[in-house]
Amino acid sequence: MTVPYVEALQEFEPVIGLETHVELGTASKMFCGCDTTFGAAPNTHTCPVCLGLPGALPVVNEAAIASTIRIGLALHCDIATWCRFARKNYFYPDMPKNFQTSQYDEPLCTDGYLDVEVDGETVRIPIERVHLEEDTGKSLHVGGSTGRIHGATHSLVDYNRAGIPLVEIVTKPVTGTKAKPAEVAKAYVTELRDVLRGLGVSDVRMEQGSLRCDVNVSLNKPGAEWGTRSETKNVNSLRSVERAVRSEVERQAARLRAGERIVQETRHFHEDTGLSTSGRSKEEATDYRYFPEPDLVPVAPDAAWVASLKAALPEAPSSRRRRLIEQLALSTLDAEAMTNAGVLDLVLATVDAGAPAAEARNWWLGHLAQSANSRGSEPSELPITPVQVARVVELVADGSLTAGLARQVVDGVLAGEGEPDDVVESRGLAVVSDEGALTTAVDEAIAANSDAADKIRAGKVQAVGALVGAVMKATRGQADASVVRRLLLERLGVRE
Amino acid sequence: MTDLTRLTAVQTAAAIAARDTTATEVAQAHLDRIAKVDGQLHAFLHVDAEGALETARRVDAGEITGPLAGVPLALKDVIVQKGVPTTVGSRILEGWRPPYDATVVERLKAAGVVILGKTNMDEFAMGSSTEHSAYGPTHNPWDLDRIPGGSGGGSSAAVASFESPLAIGTDTGGSIRQPAAVTGTVGVKPTYGGVSRYGLVAFSSSLDQAGPCARTVLDAALLHEVIAGHDPRDSTSIPAPVPPVVEAARQADISGMTIGVVKELSGEGYQPGVEQRFAEAVETLTGLGAKVVEVSCPHFAYALPAYYLIAPSEASSNLARFDSVRYGLRVGDDGERGLEEVMSLTRAQGFGAEVKRRIILGTYALSSGYYDAYYGQAQKVRSLITRDFTEAFAMADVLVSPAAPTVAFPLGEKLSDPLAMYRQDLATIPSNLYGGPAMSLPCGLADGLPVGLQIMAPTMRDELLYRVGAAFEAAMPAPVPPLDWEA
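As given, the protein sequences belong to chains A and B, one line each in that order. Its first residue numbered 1, the first sequence is counted upward by one per residue in this note's numbering. Its first residue numbered 497, the second sequence is counted upward by one per residue in this note's numbering.
In case anyone wonders, no lab produced these hints; they're calculated from the structure. As the structure is a computational prediction, the values presented were derived from the model and not from experiment. One or more of the hints may lead you astray.
As the list claims (entries may be wrong) - Residues on chain B that point at chain A, a partial pick, calculated with CB under 10 Å:
#1 G591
#2 Y694
#3 L703
#4 D730
#5 G828
#6 D830
#7 G831
#8 L841
#9 A844
#10 Q845
#11 A849
#12 I856
#13 L857
As the list claims (entries may be wrong) - A few chain B residues that don't get close to chain A, going by computed Cβ distances all over 12 Å:
#14 T498
#15 T518
#16 T520
#17 I560
#18 Y631
#19 D704
#20 V742
#21 G752
#22 E779
#23 N814
#24 G858
#25 G872
#26 V976
#27 L979
Said to hold, decoys possible - Label pairs and their calculated CB-CB ranges:
#28 R822/B <-> D203/A: 22 to 32 Å
#29 G418/A <-> K852/B: 30 to 40 Å
#30 G418/A <-> R822/B: 50 to 60 Å
#31 E271/A <-> R822/B: 27 to 37 Å
Just so it is clear, CB atoms sit at the ideal spot from N, CA and C, and this is done for glycine as well.
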């Protein structure tokens, strides 16, 4: 049983919290020199250190420390002047040492915030901490029907991911989101992703797991103490962040209304249903036996170094957005429409890549928004970049593509056929500008539509549309319609 | 003809360099001696004759030169050597051949040191008698019915019995120094961070330190110089030049030095014979021109309990990786049992009783709700012990004490009394908690068995140990075991 979202939030106040894991895009792993490239053959990016072989020792990757501090600075955090790594002890086969080197009570960055916009209102999300840890390997469960551990006959482990630097960004409990906890959660993760992308510290691809999110939700009666929270894991797209909060609000409201208690537990989100199922309960949780990592010396970032990292931070996405909206003279309404559709940054990036603002806007609010919608994803998650969109706009502008061809090129890029120019080449989509070739098609169209031709000769110029259509059809849309029209009129001896 | 196994490392290297003998002859002589006596001693877990002779051949071919080129060495089985079985004295790693060399091994190989094989030890270096080895105890060359010390009893017995002039040990709470003391050899725990831990299978990361074992102070210094120095693969390795240990061992002059006798490292728990030899050693040092003062280190009384919280805590985490998934023993993987059960069975069968005792102790000490009372408190004691040392070194250049409270005890005597076994490390543990260097060297016999003198120095002042040790050794050469048990 669930209570509809809107109704639930009239009765209860939500408190949300988000833990976001970001895989850093450093060239080498957190504690060894192994390559971090995604998608290599299993266990090829490993060494004694990231396999946790007896005797091997970790050494901190300075680039990962720098990235973490830059994230902290971008989130207005205090940067520790001295902190230590800690061991989080628990047994799991994808963790080579059976402890994770992480940070516990001495995180690198603390006490910051991130402002996000929801329906034109700014909401300040308080940040508790940003810390650095190592990622685990991946288990592959074989022999079952589902690929899950349940029913599998055996498991294989790939340690390529083990030891990749992972930054955990934890919010403080976020109160006061009133009727919009799900919308705020999604706006936060979206904004955070844009900040991280702007910093260039990660490729922030949720579908590849380089950005992962855990969502905490609790409900309480207005004025009452906070309720018991649940933690939903495995939330792997922006849309799912919103859906996970929404479904948890609906589930908890129903339980509370029925007088049942909320169990403090970990829940697993399922992308297919948009619902979560109960995982392990916190009451049987592991005691991680944290203690300072004795194999590593403390990290003591030099104040001058931190200052230089701060001075070199890129402009925040929110301020860049405001500035560009002004520069491009977008109307507030237009900007809001783009924000709501989740395309504002994409439009701005497309403009940055050289496209006129109007073209960029039309693509992202039009064809690309529809494509995203039909895939059930966000425009930002489409496999096309603003640079590629700008290239398509350029090809249209210089007459190489017609509007119709341009859509086909974009579809080709979305289908993974490569760069726009590759798609033009492989699909043979260039505009036919050879007038000789077009003249043949024009003559054939006139011959096949003699009635229409006669009407035109008789001065009924508007009838030319049918002939243009016939030529376009014959050339599979590759001709420039205005050229076809001019040629048709010339052949028919009509002057406008 | 000279018995090549009786030479010191310095003499051996000189003889090879002068072409009086060859590295191959030296290696073969030691391999022959191991074949002859190790059946009675059990100092070695694995003898790598092929590897040893290959290194010797390269030295003889002039491919490698240096002060220790061609000199044989026994390697404690806690240090990984590529392709050579490394068990750490445990069933859980039986059959594992490491795919990489420890930094110490890389440096030994580069120096042309001939690694004869891997020596026996208490499982995971947890013990003071080598009786906790899963492969059976090592016997003391002075009396086969007695322990050779631990955890590095294999290394000290190999050196004392002329199976090898040099050995590498590791010292977490005394595992180089106590075996040196009870076998009448020289053993040095360098400053923590002085020798790379990369490739040393961890027992307690903040305490473990590899170091040299030898029959003379100068030999130990030469080996120290080869293995020490900054290693970027070990974050805790100190980025500073190696202290001038060889120069100090040659200098061997202590006139004008102040030597502090630690009041707390005597009395209850120390055998009268040991105390007597120690008192005579202090007189000898005075005779050599040193000024002797008494110093007090009041927090040393808490060193043993603090150690038995810190070391097991770190061990409980360090030993978690032995789970059967990636290497070593796997028990019960019959296709029916689940992962957790296979891990449990493997660890139940693969670890010995002492290792399990310490894992449980450490797991408990780190548990939520107990951390502050145990691990946290022990770290505070550690700071106080460091302060004791700092204050003592304001009054004296080095500190001295007996290295072990007793001479070698009979095999089996303390097996059923872990606390009595733990007390073997009363005098050695403080230096591990502090991080400073310490040496044990022979200072005579009590009841016909060796007694060790411990010298302790400030961190990164390792050369002071060698300066004092060499001077003392010149006045009082090490006793030689009668080896009357040899066939």
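Exercise for the section: Could you tell me which of the hints above the structure violates, numbers in ascending order? Expected result: Failing hints, ascending: 1, 5, 6, 8, 9, 10, 11, 12, 13, 19, 23, 24, 25, 29, 30.
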